[in-house]
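Listed below are the residues making up each chain.
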Amino acid sequence: MPERASSYAAEVDWAFNFVFWISVFFFALIVILTVVFAIKYRRRPGVEADNSITHNTKLEVFWSVVPLGLVIVIFWFGFSGFVDMRTFPKDAMVVKVHAKMWSWSFEYPNGVESTTLHVPLGQKVKLRMDSSDVLHSFWVPAFRVKQDVVPGRYTYLWFEAIKTGTFRVLCTEYCGTGHSTMLSAVEVQSPEAFKAWMAEESSGKNLSPVERGKKVFSLKGCAGCHTVTKDRKKLVGPGLYGIFGHEVTLAGGKKVLADENYLRESILDPNAKVVNGFPPIMSLIPLKDKELDGVIEYLKSLKD
Amino acid sequence: MSQAIDSIHGDQGQLSHEPHVAHHFESAEQQYDSAKLGMWVFLVTEILFFSGLFCVYAVYRSLHPEVFLYAHQWLDKGLGALNTVVLIISSFTMAWAVRNAQLGQKKALMINLTLTLVCAGTFMGIKAKEYSQKFEHGTTWGASFHPHDNAFGETHDGGELKKEDMPPNTQLFFSIYFALTGLHGLHVLIGMGLILWLLVRAAKGTFGPEYFTPVDIVGLYWHLVDLIWIFLFPLLYLIH
Amino acid sequence: MSGQEQMQGAGQGNHGFAHPVPMKILVGVAAALIALTILTVLLSDFHFGAFDIWIAMGIAAAKGTLVALFFMHLYWDKRFNGFVFIASLFFVAIFIGFVLLDTHTYEDGVKQYQQDHPPSSHSVPLSGEHK
Amino acid sequence: MTSIPMPEEGTLTTKPVVDETNYLKSAYGIKSWLLTQDHKRIAIMYMIGIGIAFLLGGLFALAVRLELWTPTKTIVEAATYNKLFTLHGAIMTFLVLVPSIPAILGNFVLPMMLGAKDVAFPKLNLLSFYLWLLGAIGFVVVLFAGDLDTGWTFYAPYSIRTQTAVALAATGAFILGFSSILTGLNFMVTIHKMRAKTMGWFRMPLLLWGLYATSVIQIVATPVIGITVGMLFLEKLFHIGFFDPKLGGDPVLFEHFFWFYSHPVVYVMILPAMGVISEIITAMSRKHIFGYTFIAFSSIAIALFGFLVWGHHMFVSGQSSLMSTIFSLLTFSVSIPSAIKVFNWLATMYKGSISLAPPMLFAMGFLFLFGIGGLTGLFLGTLNTDVHLHDTYFIVAHFHYTMMGSALIGLIGGLFFYWPKIFGRMYSHLLGTISFILIFVGFNLTFIPQFLMGSMGMPRRYYNYPPEFQAYHQWSTVGSFVLAAGLFTALWCFIHSLFRGEKAPDNPWGAVTLDWKTSSPPHHHNFDIVPPVTDPYDMDDVYWDEESKGYISRSQQAALQELAAGVSGTQEKNS
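Protein chains in written order, with our numbering: chain A, 1 to 304; chain B, 1001 to 1240; chain C, 2001 to 2131; chain D, 3001 to 3575.
So here's chain A without its partners, still in its complex pose:
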């Protein structure tokens, strides 16, 4: 099992090992008996099978009731651990998690947004998660915590980090081509480092439009489908490097100049003018005006 970095990780591991050793015991019992019987009673001339044994109700009831008792105990450990996971502490810091096709973004109570979840050590954190397109699942192996993110409703999850460090976040509910690139990280920092990080982030309000555009571009997950590298590599969507001011051919064969209006319209109503050869599946991403202007400035800045 991976390292233990959350309050109930130890409990989960305990239950895991408990079930593990019970399974090893029964498995060894089955394998040894099979091998011993196969060798001891192998077919030899002159040795007849004792065909008289047909059943022994007492023995059979024994090996029905004993496993039943064992599994009830296993259920109890699993259940008590589960209760801790699903009772949400009142004093937890609520962070809104937005999952979308192939990227995570975290929104703090004071409005700061980030693509990685920064958490102070020992602080209980409650995540309120929603998805804007398909099912995703938020999994931090080090915290032993996982919860699907379902579009159309909020799903919740809480944890308390007990170790500082960076812990990987993965998506475990299949969500399409970029399912395996939908990674993020939980940065557990000391309270001071967290305050410093938060201050630096919230001060970032007066970024220049291009910097803000760059931040929004990665935050809203545009990078999941569009590349900004020179090679204009096609992912699900077209590469956007040097797109500004060039002609693009649309699905109907019509040619359109990719000027500021075209970029603005393609963000506000993605499927109005889809470039030829691409599926019309870009979902609507709500952007504030400053963010929209920032993204357009950022796209304009992508030229050699």
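Hints are supplied without guarantee of correctness; some may be wrong.
Said to hold, decoys possible - Only some residues are given here: those of chain D computed to face chain A with a beta carbon under 8 Å: (1) I3340; (2) Y3350; (3) V3387.
Calculated from the structure, these hints are not laboratory results.
Note that CB positions come from ideal geometry on N, CA and C, so glycine has one too.
Following the hints, put chains B, C and D in place on chain A, whose structure we already have.
Here is chains B, C and D on its own, set in the frame of chain A:
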């Protein structure tokens, strides 16, 4: 050992076979019981098949009761009740037809089968009228749910439908309505096909006291279709 | 059922397993079904609060039992056919019961989401994204 | 029908000799196969069809394993990889595992075990084969009509949005569901109505209890996947909005619908395999089964409890905590009947005289692999460990141990067991043993590493994976090729036996059930005279006959002599 079998094989192996009994059954009764049990097991699969839609109905009615209260006023209770009575009569004539087949009354059997077909036709006619009304109002299922202005105003049973208090997700009701009644209608059509096939064979006089299984089997299927409508009618039309 | 009818049915040279339902029962059951239909329609004008659904379902169940027992021969049939029919209702009950139980217990997550993102009530969002 | 007088060999050189006592030779020509109503011929057609589907599914599996050799792109792009694992999953479950044992071994053996001439509805039996074929063609057409990249579970919002051929795959699954329903219906009615005169429920072989429990599940669960796939079809074409959150639908509702079928269906896969293992272990250990009633009722218990537990697939999917707790508690109720069966099989082997022929090797392999498969299920039924382990490679390994390791090994063991009866040919035990060793080693080498990486943080269905898991993936890929080699060896052993296998005796293993009291290959309509029904596991009823190198049943021989005496007696009277 095989020679012993061959010598015995000659006279005793061949059972006295009645006309309608397949070779692998010992007696007509075993064949009849097998057919009945097979049909009942098939009816179980039909019940489970419809249970999926009844479950969707139950879930969305419990999640959005206001949608069902509002949207069911678009349905015409009178037509629904009439349809239920039509199907009950068709079920009655079908049961009567099974009785006629068992007693070998060929003419009565054909009359009853035709009556059942006529009732089924009326049922589908009334359904078609209701559907056309829905399409006219634009109150269809899921994404294509756009009620036009003529959909609002005075309803069949005197209520008043105003556009502004239409709750969100009203399309759910009509998705369920069209899924349930559509699937049921499909089963009615299949039933009509089967009864037509029975009518043709009855005309040739194949059914009598010693061989009436197909009439009995189609009768069971038809009664199940009626049974499903009996539950469907109050759930969709009589919501209050 | 009435011995005389059964004997007469059996007497007609069939194999004793054909059992025609007497006319009295057929007509009686049909009349009862129509009466119950009228009853349930009339009752729909009265409001009994939470009981409405149960009354409607009760009447429908009564009609269903009538159809199953007499029109579908279960009353005279082998016990196992009836058992198969009842067992299927048991499985349907488990299926709908567990799903409903789950729907109710996760409802608050859905309600809060809909407060924050009210789906536009009138026209359904027809933007291309889910074409 | 009296046996047709044999024309001498030479006269009809072109037309081969019609031999009633061998169903393979009782009629010739393609039409006699394609339109046959003989349950034995339908079983062979299923065997060929399912074999090809298994080959196709296996190739997809090897492609997936090859792609996972390196953390990033090895042979295919992400989109193709998604299609590969989806089609591997869909073909293996819908086309191969669900019909496999009931359709192949069940179809062949069930009527004979009951002493009947055929299943209750032979035409329906042929119809379900052609429905299976139609569904299979549907899936093959999906390959060319845009593939399928939703995972075999078709989960809601993604399966509605994606541009791949989900509607076509849904139709294919619907038709396959219908075929499965009809087979289940056929078997249930046959077991109820066509048992031999003196064969009560508790004198039936345990494979029939397994098949009966399987048909109960097929009849009650399959219609629900039919309506689910139908609704998905309506969702794709008409946007009906049951599962699409944009139209007020609820994706978790789809999961409920899907798993209400898909959990019981894993018991459709395992129960027939357990039945076959009961037959193999008793015959090979020359011992009466230990605890017949417990094993019989545990099959029914697994079938019924199987309907109460589907929620353990959805602990983290947004299902409420209350329901997760209820489902977790009920899930543990299913593990008890499986435990009873395994212990009873072990008790059967106690004090037996165990031959290590290939069927027994596969039966013991089954005990080993099902042991791991069943016990790892405990981790996933426990609530808090499943939160960590859900949708990881731990789950992939678990269900491969139960599906591939138990159901498929049960099928291959069953084929090795019934092969002499089906084709009248023995096979080389050496080839069979080699194939077992390769399959056993390859299988464990493939899936043990997946348990480890699953618990350490490797999610399911990942095209690019974190580099630290590369070693595990590479071991797993090597294992999968060893497993493939083992499977091809088994195939070669079977084909080799068809041509060079020597003639099989009627009862090579000494089983006592009625199907072994027919000739190998059996008569066109199984029995002329149904042999007397004995206790299905009373091994004293048969004795080893050195001359025919097979077992002969004392009760059957006595009945035949008595009948012969009776016939000669009447001939004296009326002559």
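Hints, one by one, checked against the model:
1. I3340: Where the cut-off is 8 Å and the nearest Cβ of chain A is about 5 Å from D/I3340, the hint holds.
2. Y3350: Constraint on D/Y3350 satisfied, holds at 6 Å.
3. V3387: At 5 Å from the nearest chain A Cβ, D/V3387 passes the 8 Å test, so the hint holds.
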